[in-house]
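K.L.:
Sequence:
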Amino acid sequence: MPKAYEVIADDIPRRSAVRANTRHQWEKDRARKPEATRAKTGATEHDTGLEPRDLVFFTKYRVIRAAKDLAAAFGVPVGTELLERTYRTRYAAETSPFKLVTSYLVRDMIAANPDLLNESKEPWPGGTQNQLHTVGIELDRIEERFTARPPTPEEADELELPPGTSVILLRKTSYDINDRVVDISDITLPGDRTELLFTTSLERW
Numbered sequence: 063m064p065k066a067y068e069v070i071a072d073d074i075p076r077r078s079a080v081r082a083n084t085r086h087q088w089e090k091d092r093a094r095k096p097e098a099t100r101a102k103t104g105a106t107e108h109d110t111g112l113e114p115r116d117l118v119f120f121t122k123y124r125v126i127r128a129a130k131d132l133a134a135a136f137g138v139p140v141g142t143e144l145l146e147r148t149y150r151t152r153y154a155a156e157t158s159p160f161k162l163v164t165s166y167l168v169r170d171m172i173a174a175n176p177d178l179l180n181e182s183k184e185p186w187p188g189g190t191q192n193q194l195h196t197v198g199i200e201l202d203r204i205e206e207r208f209t210a211r212p213p214t215p216e217e218a219d220e221l222e223l224p225p226g227t228s229v230i231l232l233r234k235t236s237y238d239i240n241d242r243v244v245d246i247s248d249i250t251l252p253g254d255r256t257e258l259l260f261t262t263s264l265e266r267w
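Going by the numbering used here, the first residue of the sequence shown is number 63, and it counts up by one from there.
Hints may be right or wrong, so weigh each one.
As the list claims (entries may be wrong) - With a straight-line Cα cutoff of 27 Å, these simulated DSS-like cross-link-like pairs (lysine-lysine) come out: (1) Lys-90 to Lys-102; (2) Lys-234 to Lys-183; (3) Lys-183 to Lys-102.
These are computed hints drawn from the structure, not numbers from a lab.
Let the sequences and hints guide you as you build the complete structure.
P.N.:
Below, the structure written as structure tokens:
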């Protein structure tokens, strides 16, 4: 697990997060473990080194109709019902979240398990990979695309960004073993407290 560290912004310590691509295999490995094991830690704890008791979690679910861009990304018709999930997780000693997350699932893909449509079940032990596992979906790969730009006023306010700080935008697309897009997440990361770490394992000659 990457070690989290603290940085100083405007003389206020802010807990940092290290987002490594190895986290996805870690999430898949734990997706089939017993609930008691899954409940001990989550992705935010993995990235920050914090414990569940250190975190404040918020989520909101709603069903929306896929607009053209999301419909194309999922490969479904415009107007297909999607479950939109908004997540915010913050360190209890702070007032701003580590990131802004909006996740989309095709409603019909997950409707066999009504609990997946119920925001009161969050935080879900084992996260999205375990949720998908409950309806027979196994992930094959995850594609992540990063860009950066100045924050909007709303983003700067919610993330409590120091002046001049950029945000990192992540579009995370998850594919199942049948090559279907099963989850799309749009994530806004604060540039002053996020480190991106990529480890590429190379096959031996």
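K.L.:
Which numbered hints does this structure break?
P.N.:
Hint check: nothing fails, all pass.
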